[in-house]
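Novice: These protein sequence lines are chains P and A, in that order.
Whatever position you read off the first sequence (first residue = 1), add 24 for our numbering.
Whatever position you read off the second sequence (first residue = 1), add 2 for our numbering.
Rather than coming from a laboratory, the hints here were simulated on the basis of the structure.
Possibly wrong hints are sitting among the right ones.
[As the list claims (entries may be wrong)] Taking lysine-lysine and the PhoX-like style, the derived pairs with C-alpha atoms no more than 20 Å apart in a straight line are:
#1 Lys130/P x Lys43/A
#2 Lys108/P x Lys130/P
#3 Lys43/A x Lys131/P
#4 Lys108/P x Lys125/A
#5 Lys43/A x Lys135/P
#6 Lys108/P x Lys43/A
#7 Lys49/A x Lys108/P
[As the list claims (entries may be wrong)] So the derived label-pair ranges between C-beta atoms look like this:
#8 His65/P x Gly238/A: 30 to 36 Å
#9 His65/P x Gly189/A: 42 to 48 Å
#10 Arg258/A x Asp95/P: 43 to 49 Å
Every residue, glycine too, gets a C-beta built ideally from N, C-alpha and C.
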Amino acid sequence: MRKKITQYLLTIFLLFALSGGIAITALSQVTKDLNSLITLHKVEIIRQNLVINLQTVQTNLYTIGTSFGPDLDVIVDNVNSLDKAITSCTGCHHSAALTKKLTRLKKFTEKYKEALSAFITTTANPERVKRLQMATAEIGEMLLQSTREMAFITNQKLKEKSATALREVERIKWILLASLLGIMLTGCIIAVNLTSEILKPIRELSDAAREVASGNLGYTIDTSDTTEFGHLARVFNEMSLSLKESHERSMKYMMRLSGLYRLTLSFHMVTNEQDIIRELVFGVAEIIKAEKVLVFLYNKEKDRYFSAFPAYGFTDGDIENWSYEPSFINSIYLKSNKRSMIIHPEDRMAKQLLFRATGVRNLAVIWLKQKGVLTGFLLSINKEGEGFTEEDIRLLSIIANNFSVAMDNAQLYRDLHTQMQKLKDTQEQLVQAAKLAAIGELAANIAHEINNPLTSVLGYAELMREEEDIESIMRDLEIIESESLRARDIVQQLLEFSRKWPLKIGKVDVNRLLKDVMDLVSINIKNSGIDITTDFSDLPEINADANQLKQVFLNLINNAIQAMPEGGTLSLRTAKVDNSVIIEVSDTGTGIPDNVAQKIFEPFFTTKRDKGTGLGLPISYRIIKKHGGKIEVKSRVERGTTFRVILPVRMSSLQISP
Amino acid sequence: MKKVLAIAVLSCFVLLSLSTRTDADDMELLIGLIPEQNIFKQIERYKPLAAYLSERTGIRVRLTILSRYGDIIDRFVQRGLDGAFFGDLTGALAIEKLDIEPLVRPVNMNGSTYSYGYIIVRKDSGIRSVADMKGKVLAFVDRATVTGYLFPLSYFRSHGVANLEGYFSEYYFTGSHDSSVYAVLDGRADIGCIKNTIFNNLVSRDPTIKEEIRIIAKSPLMPESTLCLRRDLPEGIKKMIKEVLLTMDRDREGRRILAKLHAQRFIEASVEDFKPVYEMLKTLGEDIETYQYRVR
């Protein structure tokens with residue numbers, strides 16, 4: 025191709041050189057013609073000057089010596105110019121005829137000069153002077169005539185020469201145009217040819233490249249071309265084939281990797297050891313394309329390697345009771361340098377290993393280890409095609425590692441599960457015990473509370489027996505009645521907690537409710553040194569159980585009062601945020617330590633051993649939860665505590681239904 | 003005060019430099035020529051010399067030609083001439099009437115520093131003596147030339163011709179020496195007068211002339227064309243021009259130009275050179291002061 029391009033370029037260059045030559049020749053011809061024309065015109069100008077000079081001198085002739093005649097120096101100058109004009113004419117190359125004429129002209133001029141000088145300098149009688157003047161004028165006229173004749177002749181010649189030169193110029197113009205057009209046409213043809221010759225293989229190549237790009241790897245093109253493009257085509261084919269090969273290799277590798285990934289994932293999806301073994305043998309069979317895959321695991325109790333279920337390519341019967349002595353396996357393990365390996369089926373070791381398998385074409389042994397200790401091995405038998413490769417061994421070793429980790433994990437998981445179960449059982453027992461203790465405490469409290477009125481009742485009943493007047497008896501009876509009612513109230517309260525509280529939903533004005541509660545407790549805090557501040561915002565009525573909410577607030581306020589035995593400030597604040605109503609109850613009391621704060625909503629947890637039941641806050645918590653709300657606590661020791669109740673303005677239907 | 007002084011000094015310098023410029027660079031000398039021969043030839047003959055002088059001295063030398071010998075005396079001042087190449091009689095007249103001084107004169111090709119006049123006739127005219135000239139047409143050159151007028155006049159007188167009008171049928175002045183020869187050759191006159199140097203030039207160009215002409219008489223030696231300059235020209239300039247002319251035969255270009263003038267070199271000229279002219283005038287009983295040199 026290079027040769028071809030060079031040839032084409034050389035041709036174009038030669039064409040240009042040719043055209044340049046033609047152009048130069050033509051131009052030089054034209055220049056010559058034009059030069060000769062210019063020279064002719066110059067000559068014509070000289071001739072015209074000659075005539076003008078002659079005429080001037082002739083005029084001078086008649087004015088010399090008169091007042092309007094020119095100065096003699098001027099006449100001398102004029103005549104000398106005339107002489108110069110003629111001399112310049114004779115200096116050129118002319119035809120013999122013309123030269124002769126010019127020589128004659130020169131002679132005439134000399135004569136004219138003589139006559140003129142004589143006329144100018146002579147002093148004689150007027151007649152003689154007149155004669156001299158006439159003679160001079162005559163010569164001048166002849167000179168003029170002769171010059172005119174010559175001018176006419178040369179003018180004719182000039183015309184002819186001009187016409188010839190112009191014709192030549194015209195002819196050269198056409199030659200130039202024709203040669204230019206011819207060269208342009210040839211150049212175009214060459215360019216088109218060259219372009220198509222270059223473009224054809226390029227197009228083929230680009231088409232082939234597009235084929236390859238679209239996935240048709242290994243696509244090849246015709247390489248019969250002997251030019252550089254043939255070489256390029258061969259290189260392209262090599263590239264295409266090598267791309268195909270490398271693509272296939274990567275695809276195979278990808279398949280294996282994805283198989284490995286899938287297998288590893290499955291290992292960790294299952295926790296059952298048998299499932300893991302199943303994933304292993306089936307996975308290996310699929311990835312390696314082996315006919316049979318079998319796993320042996322070491323059994324500590326029996327100190328022997330047993331075949332593991334299931335196996336790929338074997339029936340359960342085939343592998344049942346297939347086992348090896350650890351000494352035998354260890355000897356192979358050591359012989360292999362503890363590395364997985366490919367064993368020839370005719371090898372003695374192979375025959376010993378596969379005494380129960382027939383038709384073995386190829387075999388790979390993969391060691392299974394946990395923390396560096398041999399725990400079993402995998403036999404992969406009869407790989408499709410040309411047998412196992414080192415790459416297969418590497419892949420299988422990775423799978424074996426993953427398998428071991430999965431088995432380890434399964435073991436750990438099983439252990440963890442057992443531990444968790446145990447922990448749960450213990451926890452349940454603990455809760456049960458705690459509950460029993462709480463109930464016991466509660467029972468003791470109840471017994472104590474009920475015992476007081478009962479003691480009063482028994483005392484007054486005893487006293488009544490000794491009373492004689494009816495009035496005293498009636499008074500005692502009244503006391504007995506009131507004490508009995510007190511006992512009944514205590515029992516009622518207990519019942520209240522143990523009972524399930526269905527909500528009685530109605531429209532509740534939270535601010536109003538809080539005021540009611542404050543009325544109830546205000547008597548208790550008289551003279552206790554506690555100030556009350558309230559900050560109530562305008563709130564919408566909410567859907568809630570008024571009595572149960574009252575119980576919650578009462579509980580929270582009582583807790584706050586009890587937290588300030590030395591007095592302080594009790595603050596109540598309400599606000600509406602979005603679709604919720606917020607109620608805060610703050611005290612400036614002792615505060616709750618962090619470890620205690622975590623437990624305050626647990627049942628039976630109380631810090632007031634003698635006063636509390638450990639049920640107040642759990643009940644409050646349950647009530648608020650039922651309303652679809654939240655109860656939060658923020659506290660700092662010796663600074664005070666804030667309980668914040670958040671209630672939705674409208675409860676969802678789910679919460680409304682019991 | 004200092005400032006004024008500085009300006010004054012500066013002005014002096016400027017003026018000085020300007021004056022020196024006018025002295026040398028911008029100076030022009032106008033040299034007059036008499037129509038010794040064909041005026042065109044005459045001016046062409048002297049042009050190279052003028053160019054040479056201009057180049058060597060830096061002074062522009064311009065030539066002007068006059069149509070009559072006498073005009074060189076009459077119009078010297080009027081035309082603003084600085085000098086001229088004078089003939090024998092015009093030189094003597096100029097010395098008398100103009101404030102000029104002779105500078106140089108040429109040495110002819112034959113080594114002589116003088117020229118002389120001829121009285122000529124055509125050989126075929128049959129004229130051999132003054133006696134044969136009776137009733138013929140006579141062509142003088144000009145009244146203001148010894149060789150072209152005073153000598154023939156004295157010659158004719160010494161041969162008994164007291165009155166020209168009575169003796170010759172016609173006499174006139176051709177104004178130039180060669181014109182007088184051509185007048186004889188062409189038959190416009192029977193007797194002509196010419197200076198030997200001009201005659202020799204014509205013969206050297208056209209030897210047939212010598213065949214056709216008979217020389218009847220020859221004059222005493224007269225001074226050749228002498229370059230005289232205005233006496234009031236700066237001495238430096240006069241000296242410089244004189245120096246250039248006297249030494250021009252030492253360089254090639256100078257020799258080439260001298261050849262065109264038909265001269266070997268220039269030599270110093272003096273008033274003494276014109277003594278023969280005065281003698282000729284004396285012979286004729288003429289006084290240079292009153293001599294009527296103008297032709298009418």
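Novice: All the hints need checking, so say for each whether the structure fits it.
Specialist: The hints, checked one at a time:
Proposed proximity of Lys130/P and Lys43/A is supported: the alpha carbons are some 15 Å apart, at most 20 Å. Pair hint Lys108/P plus Lys130/P holds up; C-alpha atoms about 10 Å apart against a cutoff of 20 Å. For the given pair, Lys43/A sits about 14 Å from Lys131/P by alpha-carbon distance, which is consistent with the 20 Å threshold. In summary, the hint linking Lys108/P to Lys125/A is not supported, as the alpha carbons are separated by about 36 Å, beyond the 20 Å threshold.
A hinted pair counts as satisfied when its Cα atoms are at most 20 Å apart, and Lys43/A with Lys135/P qualifies at roughly 12 Å. Taking the CA atoms of Lys108/P and Lys43/A, the gap is about 13 Å. The hint holds against a cut of 20 Å. Taking the CA atoms of Lys49/A and Lys108/P, the gap is about 14 Å. The hint holds against a cut of 20 Å. Distance hint check for His65/P and Gly238/A: the Cβ-Cβ separation is about 51 Å, which falls outside the suggested range of 30 to 36 Å.
About 45 Å separates the C-beta atoms of His65/P and Gly189/A, a value consistent with the hinted range of 42 to 48 Å. At about 30 Å, the CB distance of Arg258/A to Asp95/P disagrees with the hint of 43 to 49 Å.
When the structure is compared with the earlier hints, violations turn up for hints 4, 8, 10 and for no others.
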